[in-house]
Every structure is written in structure tokens, then in C-alpha cells.
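Chains A and B are the protein sequences, given in the same order. Using the numbering used here, the first residue of the first sequence is number 1, and each one after it goes up by one. Using the numbering used here, the first residue of the second sequence is number 1001, and each one after it goes up by one.
No wet-lab data here; the hints were simulated from the structure. Accuracy of the hints is not assured; some may be wrong.
On the chain A side, residues computed to face chain B include the following (Cβ under 8 Å) [stated by the list, open to error]:
1. 10
2. 11
3. 13
4. 16
5. 18
6. 22
7. 50
8. 70
9. 74
10. 349
11. 350
12. 351
13. 353
14. 355
Every residue, glycine too, gets a C-beta built ideally from N, C-alpha and C.
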Amino acid sequence: MNEMRPLPELDKAEAISPDPINPKIRKLEVIDTDFHFSPKWEKIRSYLKEPFKSRLYHFPVGSLEYNPEPANEKPGVGQDAHGTAATAADVLRILDQFGTDTVILNPGYNRPQAIFNEPVIAAICSAHNDYLINEVFPVSDRIKANLMICHRDPQMGADEIRRVGHHKQFVGVFSSFSAIFEPLGCSKYDPIFDAMAEHGLVLTAHSEGWFVHFTPLWTGARTWIELFGNAPAGNCMAHLAAMICQGLFDKYPDQKVIFQEGGYWWIPDFMLRLDDFYMSSSGDIALVERKLASGEERLKKLPSEYLLSNVRFSTQPITIPKNRKHFAWLLEMCHAEDLFCFSSDWPHQTMDPASWVVEHPDCINEEMQKKILAGNARKLYSRL
Amino acid sequence: MKEYLLGTLDDLPEGKGRAYKAGNATVAVFRRNGKVFAVANKCVHKGASLCEGELSEDGTVIRCPWHNWPFDLATGQNCLDNSERLRIYEVKMQGDQVILCA
Chain A
1 MNEMRPLPEL
11 DKAEAISPDP
21 INPKIRKLEV
31 IDTDFHFSPK
41 WEKIRSYLKE
51 PFKSRLYHFP
61 VGSLEYNPEP
71 ANEKPGVGQD
81 AHGTAATAAD
91 VLRILDQFGT
101 DTVILNPGYN
111 RPQAIFNEPV
121 IAAICSAHND
131 YLINEVFPVS
141 DRIKANLMIC
151 HRDPQMGADE
161 IRRVGHHKQF
171 VGVFSSFSAI
181 FEPLGCSKYD
191 PIFDAMAEHG
201 LVLTAHSEGW
211 FVHFTPLWTG
221 ARTWIELFGN
231 APAGNCMAHL
241 AAMICQGLFD
251 KYPDQKVIFQ
261 EGGYWWIPDF
271 MLRLDDFYMS
281 SSGDIALVER
291 KLASGEERLK
301 KLPSEYLLSN
311 VRFSTQPITI
321 PKNRKHFAWL
331 LEMCHAEDLF
341 CFSSDWPHQT
351 MDPASWVVEH
361 PDCINEEMQK
371 KILAGNARKL
381 YSRL
Chain B
1001 MKEYLLGTLD
1011 DLPEGKGRAY
1021 KAGNATVAVF
1031 RRNGKVFAVA
1041 NKCVHKGASL
1051 CEGELSEDGT
1061 VIRCPWHNWP
1071 FDLATGQNCL
1081 DNSERLRIYE
1091 VKMQGDQVIL
1101 CA
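Can you make the complete structure from the sequences, with help from the hints?
If you want it as C-alpha cells, here you go:
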């Protein structure tokens, strides 16, 4: 340091603002299947019907979710770590920033399923959907969305699907999966599946409600890693097993489901394990509501076959093993080429830009890149 | 390896990072309390621009702006996983001029 010699003629380094998105991404079609949209409460409230509008001054607090700030050792990191999209203009700005062509909006912080009052949930869902129809969808056809329903009351959920499900920019129905609700595969939700079938809508099953006050499963957990890093995978497997074993896909063979934020590297074990148990212990499948109604005693296919034909997984958060062979094997064993649909989960702290899809060509060839980035979503969502 | 002039110490923003193009390299340079460090700008995790990250109070650790990964700026090593490392670049002072070797 501080050498005293004449300063030679040096090239000057140029200060720049690097684009963190891989340039290949800007040349490929990208469909983001999980992007959180958070209209301001005043906007949602303006679409509320009475008597809700004059009584709900704020978004009703449904739960005291654990804030991730202690885990991340700084404030403001978590739900809206990378910003807030409250309008169509916000959404389009973020899409351009990240090289995304088409987005499927999911609700942001204002997901109301944990509110104790089902009519309030349904009213907020309707207001959210009406805001999208009136002020967001008309701005750009690049913006699609999953419509919100109160799935805690299946008839209310079905009514909302029939009210707005015809709108072509709604491509699916948003639902949470967690341990707070009976699994989404239970027959109590058939009114919702009936209505979805009428419109050919995909069920978007998004991780939510892994906190200890929702479920005894996670009682005793202390850390963000346990609650957020691990719990959604267990919940996801439970909901998917219920869908398969309780005959959802036998009654609704065209129903597609995309799981979000529940992980997926567990797929090989799940498929092998369910098939193995089915071969030895499937007698009580005849006792589930849908099979009692149809008179069937077994499933029509092996459990693993339903996963391959009816279920897809959004990719965020991708976890990439350091061993290249392991990454390639995991992708193959999880049927990633056909089952994975890119998602960013913007603006949450674990957000993934799409760059990773094109930065591992030894494991993800060009054809597979295109399928993960857009092709699989186009095949899944008939309205895209 | 070639030397590039970054400017004077006061040309570098105090307490935060700035990215520079030096030949083919994109380098994030950080300055705090008289210390200057330079590392590869692209985070080894998912490619964020580290120049936009948060610099520790003592100026020795940068946290990635996307996923909060912490890196020791002197060694380039991830603070929690020895196997993850950023490329580091030498920074020299000559008088009040800051020189980057990249």
C-alpha cells in the first residue's frame, strides 16, 4: 500500500450497473407461475361489497405469523424483501427487470384463509378478483392470475369460481396447502372441483400456514429453517397423498394441480413408497367417500401414475447439489423435464430469477430449458 | 493480470459497493473506514450483483442482496460454508489513487 512510485498510465475501470439476469433468459420465453401481487388494502376495500366495506377498516389479522427478521439478521427481509407490486404497472416493470414474458399472479400478503370468518374471507377474495378484472387485466395480456376463493367453505369457493371463472386471464384457482385445513384431496372440496372442471382451471396449491398455531405437527419448532425451510415439504406430501389415495383424480381425471413451494426432490421416494404400499395395503381405498359413491374398490392406476399425469411443481426455491451427477440424476428421477414449471416467488426473500435454468447446460439441455421456462406451463394452463 | 485505475479513495462510495468493468471481469468494489476490497460481482449462489449487497459495519463482510449469503471480503470465503468462495482481486493504493488488479 502507498508505494511511492510514479503513477503509470493505467486504463480506467468503468463503473457499471450489471444486469444480474443471464442474457440467455432475455432471448427465451419465460412464464413465471408464482409471483405475489399485493394491492393496497384501500384498493381491495374499494371493491368490497357491503356490509363488509363499511366495517373492515384494515385487512383482518388472521394469524400472527413468525417474522423472518431474526433469522435473516436484518429488518425488512421476508414477505416483500424485493419490493411490492400493487398495480399492473408495478407488475410489468418487474417482469421487464427479470426478463419474464408472462406472469401468473398469486395473492401477496393479503391471503385471507386464516381469518376465522368464512364470509369475510369470501368477500375479500371477491374484491381481489374484481380489482384484477377491472384494473389489472385490461392493462396487459402478459398478466394472468389465479383467482382467489374461500376454500374453507367449499360452496362459497364454488360460487366464486362460477362468478368469475369465465374470465380468460384467470388461468387457475389459488389455494393454500398447509396443515390448517383438511387435505385438499378430501371429497368435502368436490363442489370446488366441480366448478373448476366446468372452466378447465388448474388448482394452484401454494404452501402456506406452516406455523405452530395452525398445526400440532410443528409444535416445538423454534427456527425459520424448521418452519419455512422444511415444514412445507411434509405438508405438500400429505395433501398430494390425499388427492391420490382418496380418488380425486379418478373422479376428475382432467384436473391438474401445481404445487408451489413444497419442494420436489422427495418425488422419487413418494412415488416408490405409495406404489409399494398400494400393492400390499389398498383395501381401505374402497372406504373413502368418492369410492363409496362410485362403487369402485381400487384406484384406476398406480399412485405414481397420477403424479405423472395430473401434478406439476413450480421450481422456486431451487436447491442445486454441488455434485453435477447428483443434480442430473435428481432432475431425471423427478421427471423435471415434464413436471417442472419455472417460478420466481417474487418478491419474497427466497425469490429465484430464471438464470439458473440456463446456467447448467450439462444437466439441463436447451430443449429442457425451454420446457421448464415456458413449455410445461403452456401445456398445463390451457388458457395461456 | 492488469492494473486498472478506479480513481481516488473519495471517488468510491463510503459504506457501500460499486461495480466496475475491468477487462472481461465485472468486479464489485467496497469501501468502508479506509478499507477497500474487491471481489467478483456475481454471487456464486444465484447470480445477484453483490455490489448491491449490504456491507457490514466493519466493512469486512458483504451480504448478498437476494438471499443474504455472507462473504468475507478479504478471503472471498462464504462465512458459513468453506466450500463456497468468491474470486478476490487485489486493490493497491498509490498516493491517493486506488488501483485494481484484475
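Task: In rising order, the numbers of the hints this structure does not comply with - done: 7, 8
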